[in-house]
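So you can see what is in the structure, the chains are spelled out below.
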Amino acid sequence: MKQNYAFLDENSKKEIRRKTLKAIAIPGYQVPFASRELPIARGWGTGGLQLTLSLVGQSDTVKVIDQGSDESVNAVNIRKLIQDTTDVKDTIHTDEATLIQSRHRIPEVPLRPYQILVLQVPLPEPLRPVEPSERITKMLHADREYSGAWLRLFEQIMKYGSITDDADYPVLVNGRYVMAPSPIPRFDNPKMENNDGLILLGAGREKKIYAVPPYTKVTSLAFDDYPFEVESFDDITCRESGLTGVYMDELVDEETGETYYVANDTSFMLEEMNKEGSVR
Amino acid sequence: MGYVAVKGGTKAIQASVDVYKKKKHISGMDISTEHVKANMNQLIDQVMSEASMYDRNLASHAIKQAEGNMEEAVFLLRAHRSTLPRLYYSTVTNTREMFVERRVSASFKDIPGGQILGASPDFTHRLLDDGITYGSVETEGGIPDEYNYKLDDLPKVIDYLESEGLFTKEAEDNTTPDDITKHSIEFPSSRSQRLQSLTRGQTGAVTSLGYVEIRGYGYSSHPNIGEVRVGQQPVHIDPAGDGDEYYIGDVELTEVEAFMPADDAETSGEGAHEKTFRIGYGLTFGQNETKAIAMSVLDYSLSNPVPSSPTADDEFVLLHIDSVESTGFISHLKLPHYVTFQSVLDRVRQTKGDRD
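Sequence lines, in order, name chains L and H.
With the first letter of the first sequence counted as 1, position 228 gets the number 268 in the numbering used here; the numbers rise by one all the way through.
With the first letter of the second sequence counted as 1, position 80 gets the number 410 in the numbering used here; the numbers rise by one all the way through.
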């Protein structure tokens, strides 16, 4: 069957762009939108993909990442759909991309001012763990009533001795809205703060778009005596590349049973390994 | 040394797609879309209803392509729907003009126009039938010679209740309904949002929640089906908005009006209560009688909430009955979650004080 450019009909794309502009104007605020069904499943990145499809122009270069890898199933699937319906250039190199769609990672290479990072969001509501009702969480946001979010962290400290929120760790955007940064690891939270690029977040099933515009203040919720902590890879070196100070995948050597680590952002790792005078 | 999948994912995934496509044809037999269309009417009706797209040809195509998997077929049609421009809304349509093919009332034995049984599996024994053991079926029936009603102008059972003063009809509301596919649903929901969401709901999910409501977690009593009717409903559009309507075709619909005995709001709270009837309303594409009845129950439960009943909570019901949404989110759990799981490991180890 004949397909539209970038799959969706033009009116749908226009509506999504309008909602995106609103999201940029109110950093961290979840803008409802009439999310369309796509040929990939709800929960498989339809929010991010609708953003990408509504934004992608013929001169764009697209990079798609799933869990740090350009070759993981969701990335392959989404890249193929974008390409089949637009024929735009794609790349694995973060620097070359104008539009980056990612599931659960912000690349290790810092964003540039000309870049848009689209994050796929499964659960956009940071208050959902403390309040199941949408109409109530909407009111809580309107009232800036975030005691639930703080109490949740406080209770974790009481119960476990430390904050146990893992990925999707809540942030306060521009001093106003508490926001779910999508399930990026805590390691990536600080990359949102005052960054050069535009970060858009799309939740297809939950029908919300929100944004962190460039140079926005983004702070992870924490207490003075229990500061925000990222995942610790302090003494860890990537077995493939010798890289340190990046997010790692933990693997087990089948022969020796030994645990080892490999850099999670595979395109960054390959770039580093191909550099002259790299560690390996 | 262990294998680290840095490159090669694309190839492996393409190979999986190829195997899936090849597997469909492994027996060497292939049915045509026309076969699906001719023999799988009930499945087509369910798929069109959940997809909220009325097109028997495309639904048959989707069913075949999905190897008969309901959720996949609905998914295919919903995705296709996103590529189509939405040009018009139909004008207000009146189901009194439905060309009725089947219509039963569980409330009254004798209704004006009579019970019209039409085609239904209701009266069959569910014995696996190979077409040989029990012989083939000779069809009889049709409309009796002496029939004083027009099938596209049948009176409704509810008219009787109204004429007896047992049901107070709400004022007709012909304002343009909210469209949840153009504006995402907001809470508290409007009735038109609820009805649209329910009619698009997954058949099994709508049925289960309807069952919850009447079995013990809500109204907890029987509704009485005033009328279930199945038939062809003419649809018109008014492109110029000047009242000049154009007929664009018929859609098959199932319509249910369920009678729910309730306290009369007029008298509640002061002295002796009077009882009255309220109705729950169900309407689906195609012949989907169970779903339409369950929909009528949930329409009632959401409009007449019983406190603390889950089926009285519009967010609880409406946000969880969509097939594409629920199956998508459940199935996404198969996707890799290495990064987030690494983050979980980090926190679990921290609580164990095991950071070496």
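Source of the hints: derived by calculation from the structure; they are not laboratory data.
Warning: the hint list may mix true and false statements.
[Stated by the list, open to error] Simulated crosslink set (DSBU-like; lysine-lysine; CA at most 30 angstroms straight-line):
| id | chain 1 | residue 1 | chain 2 | residue 2 |
| --- | --- | --- | --- | --- |
| 1 | L | 120 | H | 354 |
| 2 | H | 512 | L | 53 |
| 3 | H | 341 | H | 353 |
| 4 | L | 54 | H | 354 |
| 5 | H | 682 | L | 199 |
| 6 | L | 120 | H | 512 |
| 7 | L | 42 | H | 486 |
| 8 | H | 682 | L | 231 |
| 9 | H | 512 | L | 42 |
| 10 | H | 354 | L | 129 |
| 11 | L | 42 | H | 682 |
| 12 | H | 682 | L | 120 |
[Said to hold, decoys possible] Between beta-carbon pairs, the in silico distance windows are:
| id | chain 1 | residue 1 | chain 2 | residue 2 | range |
| --- | --- | --- | --- | --- | --- |
| 13 | H | 424 | L | 191 | 35 to 41 angstroms |
| 14 | L | 41 | H | 569 | 22 to 28 angstroms |
| 15 | H | 350 | L | 58 | 45 to 51 angstroms |
| 16 | L | 284 | H | 354 | 24 to 30 angstroms |
| 17 | L | 149 | H | 417 | 43 to 49 angstroms |
| 18 | H | 365 | L | 131 | 43 to 49 angstroms |
| 19 | L | 191 | H | 520 | 43 to 49 angstroms |
| 20 | L | 152 | H | 573 | 54 to 60 angstroms |
| 21 | L | 315 | H | 640 | 55 to 61 angstroms |
| 22 | L | 58 | H | 341 | 56 to 62 angstroms |
| 23 | H | 354 | L | 297 | 51 to 57 angstroms |
| 24 | L | 191 | H | 450 | 34 to 40 angstroms |
| 25 | H | 570 | L | 149 | 53 to 59 angstroms |
Cβ atoms here follow ideal geometry from the backbone N, Cα and C, with glycine treated the same way.
Here's how the hints hold up against the structure:
no.: 1; hint: L:120 x H:354; verdict: holds, 22 angstroms
no.: 2; hint: H:512 x L:53; verdict: holds, 12 angstroms
no.: 3; hint: H:341 x H:353; verdict: holds, 18 angstroms
no.: 4; hint: L:54 x H:354; verdict: violated, 38 angstroms
no.: 5; hint: H:682 x L:199; verdict: holds, 12 angstroms
no.: 6; hint: L:120 x H:512; verdict: holds, 27 angstroms
no.: 7; hint: L:42 x H:486; verdict: violated, 45 angstroms
no.: 8; hint: H:682 x L:231; verdict: holds, 28 angstroms
no.: 9; hint: H:512 x L:42; verdict: holds, 23 angstroms
no.: 10; hint: H:354 x L:129; verdict: violated, 33 angstroms
no.: 11; hint: L:42 x H:682; verdict: violated, 56 angstroms
no.: 12; hint: H:682 x L:120; verdict: violated, 43 angstroms
no.: 13; hint: H:424 x L:191: 35 to 41 angstroms; verdict: violated, 54 angstroms
no.: 14; hint: L:41 x H:569: 22 to 28 angstroms; verdict: holds, 26 angstroms
no.: 15; hint: H:350 x L:58: 45 to 51 angstroms; verdict: violated, 38 angstroms
no.: 16; hint: L:284 x H:354: 24 to 30 angstroms; verdict: violated, 49 angstroms
no.: 17; hint: L:149 x H:417: 43 to 49 angstroms; verdict: holds, 45 angstroms
no.: 18; hint: H:365 x L:131: 43 to 49 angstroms; verdict: holds, 46 angstroms
no.: 19; hint: L:191 x H:520: 43 to 49 angstroms; verdict: violated, 34 angstroms
no.: 20; hint: L:152 x H:573: 54 to 60 angstroms; verdict: holds, 57 angstroms
no.: 21; hint: L:315 x H:640: 55 to 61 angstroms; verdict: holds, 58 angstroms
no.: 22; hint: L:58 x H:341: 56 to 62 angstroms; verdict: violated, 40 angstroms
no.: 23; hint: H:354 x L:297: 51 to 57 angstroms; verdict: violated, 41 angstroms
no.: 24; hint: L:191 x H:450: 34 to 40 angstroms; verdict: violated, 56 angstroms
no.: 25; hint: H:570 x L:149: 53 to 59 angstroms; verdict: holds, 55 angstroms
The structure does not agree with the numbered hints 4, 7, 10, 11, 12, 13, 15, 16, 19, 22, 23, 24 stated previously, though it agrees with the rest.
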